[in-house]
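Number of protein chains: 2
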Amino acid sequence: MSKTSTKPPSGMRDFLPLDVIRRQHVTDVIRSVYEAHGFLPLETPAIENLNVLLGKYGAEGDQLLYRILHRRDALTRALESDDLDQSKLADQGLRYDLTIPLARVRAQYQDLPRYFKRYQIQPVWRADRPGRGRFREFYQCDVDITGTKSALAEAEVCSAVAQVLLQLGFDNFQIRINSRVLLSGLIAAANIPPELEESALIAIDKLDKIGPEGVLKELNQRGIESQAAASLLEIFECESARDDTDIATHLAARLADGPGRAALDELLELSRMLECTPAAGHHRLSPTLARGLGYYTGPIFEIEVDDLAGSLGGGGRYDNLIGMFGKQEVPAVGFSIGLERILLVMEEREMFPALGAGADVLLCWSDVESGELLSLARELRAAGLKVELIPEAAKLKKQLAYADNAGTAFAAILGADEQAAGELTVKHLAQREQERLPRADAIETLCRWRTEAAPDRP
Amino acid sequence: MSKTSTKPPSGMRDFLPLDVIRRQHVTDVIRSVYEAHGFLPLETPAIENLNVLLGKYGAEGDQLLYRILHRRDALTRALESDDLDQSKLADQGLRYDLTIPLARVRAQYQDLPRYFKRYQIQPVWRADRPGRGRFREFYQCDVDITGTKSALAEAEVCSAVAQVLLQLGFDNFQIRINSRVLLSGLIAAANIPPELEESALIAIDKLDKIGPEGVLKELNQRGIESQAAASLLEIFECESARDDTDIATHLAARLADGPGRAALDELLELSRMLECTPAAGHHRLSPTLARGLGYYTGPIFEIEVDDLAGSLGGGGRYDNLIGMFGKQEVPAVGFSIGLERILLVMEEREMFPALGAGADVLLCWSDVESGELLSLARELRAAGLKVELIPEAAKLKKQLAYADNAGTAFAAILGADEQAAGELTVKHLAQREQERLPRADAIETLCRWRTEAAPDRP
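Residue numbers (this note's numbering), protein chains in the order written: chain A, 14 to 471; chain B, 14 to 471.
Just chain A, with the same shape it has in the complex:
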């Protein structure tokens, strides 16, 4: 029989125990910080109806959706149709982000709190080309506040995200802050017509990578005439080595009164507010930031860390999205952290604390009844210890070698002698220390060793 490949599908991963333990450590921190900020947990199905998903992520997003093939009758009918295409073969797809499901939920359930604040930590799927830190199945960790246009909501989502990063041990991150409305104002100030706005943003976004000449060239190629292009570049070349006030002064001088100018003032106010949150010192006004998603309507954010191309997460205000699903407009603002990027940086920088993987105690034995072993395992577990029981008879040396390999810190050894005497041998593997004690004392010793090794564990 020819063997099936046992690798996971391309762009997806198996998480072996140490991976899961690290991921849990990070999501536990995220969860506790999000809850401290008053966010409530939400979970939605992996599968959504396609008409919920389509058209929300741009043409490229639609291409990257995983679609679920019809079954039974629906499939038969599709296969019989004359002009078969993918729209006839599927009407459900996998979740692409956590924002659209939230918008659907907010529109569906009328009795949610007025300022429904939710967090959601779940995987999403995109049929993208896999790359470093880019997977086809990956986790997003989102916070969103719905039901208010108050800038306090912007400050709260940034506060939550900053606190997460600080608590995980990041110290050199920056939340870049901009606004869609400010961007539109700046582009208008350069005399670029609204229909070329999108094009101009794509070019400006490359300023860091291709420099001013490169951007000028690209702006021209995109049909923006030289004078407007030069003027746009002059507006945007203000970010490096200036503080928020300097940048704001530079921009304000170039903006007429109107929504763009008002948006700039709001960003400055947000900056001041953030100085009163854990984000203090970790945010900056960043006029070139232009997040791709079309649904943003106000401030936008992105987390930048040194030495990482791409961001750890981003977000912004989207006041019109929920209204696409429901009877009424519901303003909203959110921030999404990408779990895999966080893990990538934490692994490279060795930021993980020692995380106990697996059992505390390996229970080794010879010449005793199974029932006696199981009773002892039960007793040790009732004392709060994580216990692995060697399932097969083997030489004691081999059993202890197994404990060493598995990274178990301690062993308990039950032989016929110990059993007869009501005793137990306990061994501290790192310290090569071994004692034979009355059973209750032995269990107490193991618990003491365990507490000394990991004082914080409950």
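Just so you know, these hints were derived from the structure itself, not from any lab. Don't take every hint at face value.
In this list, chains with the same sequence are indistinguishable; a pair is considered to hold if it fits within one copy or across any two.
[Claimed, not checked] Heads up, simulated BS3-like pairs for lysine-lysine below, C-alpha to C-alpha not over 27 angstroms straight-line:
hint: 1; residue 1: Lys219; residue 2: Lys230
hint: 2; residue 1: Lys20; residue 2: Lys69
hint: 3; residue 1: Lys410; residue 2: Lys101
hint: 4; residue 1: Lys69; residue 2: Lys340
hint: 5; residue 1: Lys340; residue 2: Lys219
hint: 6; residue 1: Lys340; residue 2: Lys162
hint: 7; residue 1: Lys162; residue 2: Lys410
hint: 8; residue 1: Lys162; residue 2: Lys411
With chain A fixed as given, assemble chain B onto it according to the hints.
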């Protein structure tokens, strides 16, 4: 614009905050018990290659698989093919259970511990007809021990599952225990040929529902002649109101020496072992139990509780499955708990403890700067409190009503007066008790109230 339906897809559910909190309570208990038993966490992708999944769950299982539609070139090629069917439209599908992914993982990674014990708590997807407690997306909570044929492994998985149920507050459950090998022996003892074994099992499995006459009729319809049918029924009518020893004596008298007889002895030994575990008093020999999946090769288990049609979970030994993926046979035994069934019973029986949902403190305010509010929120959170901040100015009465609605236990009120005096008003909403105190004292009071309300929370 016509509005999209905002319901989740049929057979799938949105989990609103209280749902998630209850689910987390149950999975936290499961996780901690599994870890106490020395199981390590594993997570695998939602999507598997179809050749991993197909043929493992019987013809019906293959029908219930969610398949992922090809994209781009692969889809174009498929649509151009002459004899288009679903096998050309998809080569990936959604996870159907957690056992096949474990088998794939065990075969793929050569450096896993010899007795790799893993737990896995993840959703699976089946395009089944939705019903009470039956969903198309649902969570399984599995433990498996691989690499050993020792009956200690059977005892350990049953121990873990029993401890989970006890810790959740179940007291009237039974783990029904049988063996595929014993079943084969009993069917042979009734002179039914092996090719009719599957048929005979389907009929016998209905004994509870349709009674002996019904089963006899069905056995005849399935081509089993009357004398064999009567003899089979006589063998299996032994379960009610007898203990394991009685049942075993009844069966042993009808079995010749051979694998069936040996399997019976092994089950009795397992029963004795289970009396030394948390499963003591919660297991019984159950010769009519016949779990559907074809891959079981030895003991099989199923959890039964009063008042619930269907089981809370099940499992068994499967010594040949991993070998289908890898170069070598790896024996294994596992047990799977269905999260949704557990939740269904716990909800109906009101078994949930009071679970704190959402914020501890609602921060209400009037006539203060945003920065002052954010500083206060930060201070309260640093003291370990979960804090929600009202994002919009409103009358104090309205803000407090919001706290009542949201189920928040306490409020902190910051007005211009409090701010000027370095004070804070704190309110215990249930006790209608309110105090204005110096800020540090106010925070201490909130922490004390919080501890009194939920002494166990860290």
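How the hints compare with the structure:
1. Lys219 x Lys230: Answer is within; shortest intra-copy Cα gap is 12 angstroms, inter-copy 77 angstroms.
2. Lys20 x Lys69: between (33 angstroms within a copy, 17 angstroms between copies)
3. Lys410 x Lys101: Classified as neither; 64 angstroms inside a copy, 54 angstroms across copies.
4. Lys69 x Lys340: within (18 angstroms within a copy, 46 angstroms between copies)
5. Lys340 x Lys219: neither (39 angstroms within a copy, 51 angstroms between copies)
6. Lys340 x Lys162: within (18 angstroms within a copy, 60 angstroms between copies)
7. Lys162 x Lys410: between (67 angstroms within a copy, 21 angstroms between copies)
8. Lys162 x Lys411: Close across copies (18 angstroms), not inside one copy (65 angstroms); limit 27 angstroms.
The earlier numbered hints that this structure contradicts are 3, 5.
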